[in-house]
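Enquirer: Below, each chain spelled out in residue letters.
Protein chains: 2
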Amino acid sequence: MIEIIAKGTFKPDCVETFKQLAHEMIVKTRQEPGCISYQLCNDLSDPNTFAFVETWQDQTAIDSHNQTLHFTSIVPRFADLLAGPMEVKLYTVIE
Amino acid sequence: MIEIIAKGTFKPDCVETFKQLAHEMIVKTRQEPGCISYQLCNDLSDPNTFAFVETWQDQTAIDSHNQTLHFTSIVPRFADLLAGPMEVKLYTVIE
Chain A
1099 MIEIIAKGTF KPDCVETFKQ LAHEMIVKTR QEPGCISYQL CNDLSDPNTF
1149 AFVETWQDQT AIDSHNQTLH FTSIVPRFAD LLAGPMEVKL YTVIE
Chain B
1099 MIEIIAKGTF KPDCVETFKQ LAHEMIVKTR QEPGCISYQL CNDLSDPNTF
1149 AFVETWQDQT AIDSHNQTLH FTSIVPRFAD LLAGPMEVKL YTVIE
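Top to bottom, those sequences are chains A and B. Here the first sequence stands for residues 1099 to 1193, where the numbers follow my numbering. Here the second sequence stands for residues 1099 to 1193, where the numbers follow my numbering.
In case anyone wonders, no lab produced these hints; they're calculated from the structure. Keep in mind that this is a model prediction, so the values were computed, not measured. Honestly, I wouldn't trust all of these hints.
Which copy is meant is left open, because identical chains are indistinguishable; a pair holds if it fits in one copy or across any two.
[What the hints assert, rightly or not] Listed below are the simulated BS3-like cross-link pairs for lysine-lysine, each with C-alpha atoms no more than 30 Å apart in a straight line:
#, residue 1, residue 2
1, Lys1187, Lys1117
2, Lys1109, Lys1126
3, Lys1187, Lys1109
Build the full structure now, drawing on both the sequences and the hints.
Expert: Here's what the structure looks like:
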């Protein structure tokens, strides 16, 4: 399994728009066959910082996710909402 | 639910010791009633960097976890194995 943690801080007046777009991503992504878990988390010390915490079956499932219409249409829209670059980290789930 | 992401980079010659201690933590922590998920992840871009990705029912469950014998005996032992400080982030799972 592969874990993705994709973290970003959003402009305060863009947080609601981000959450709406994220909701659409979540609903559609959870329907993908290789998606084991896909959660949106909000930093307890900063209300404008969010992280997608994602568990995928394998790299093939991630490659497929990155080509879906919801990914390619929604993710680019985050750019204008972000206060800085997103940090995306990939991990192997070892236990 | 509360998500904890606790990330650390370990000294290369201490990684195996860390993994053994982490295994003990994982086995015991998963038995705690408020623990929904507790995974150990290894950074795909750095074999010495690991993250515990933890999902807890609520803050009470985390407080209880922090007082368990396995937590209070194992976590201090990470100090000598780490190459730098651990980064611990708490999130509310909003969706």
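Enquirer: Between the shortest in-copy and the shortest cross-copy C-alpha distance, which are at most 30 Å for Lys1187 and Lys1117: within, between, both, or neither?
Expert: The answer is both: 21 Å in one copy and 20 Å across copies each meet 30 Å.
Enquirer: Classify it for me, Lys1187 with Lys1109: is the Cα-Cα distance of at most 30 Å met within a copy, between copies, both or neither?
Expert: Answer is both; intra-copy 22 Å and inter-copy 20 Å each pass.
Enquirer: Are the CA atoms of Lys1109 and Lys1126 at most 30 Å apart within a copy, between copies, both, or neither?
Expert: Only inside one copy: Lys1109 and Lys1126 sit 25 Å apart there, 40 Å across copies, limit 30 Å.
Of the numbered hints stated above, none is contradicted by the structure.
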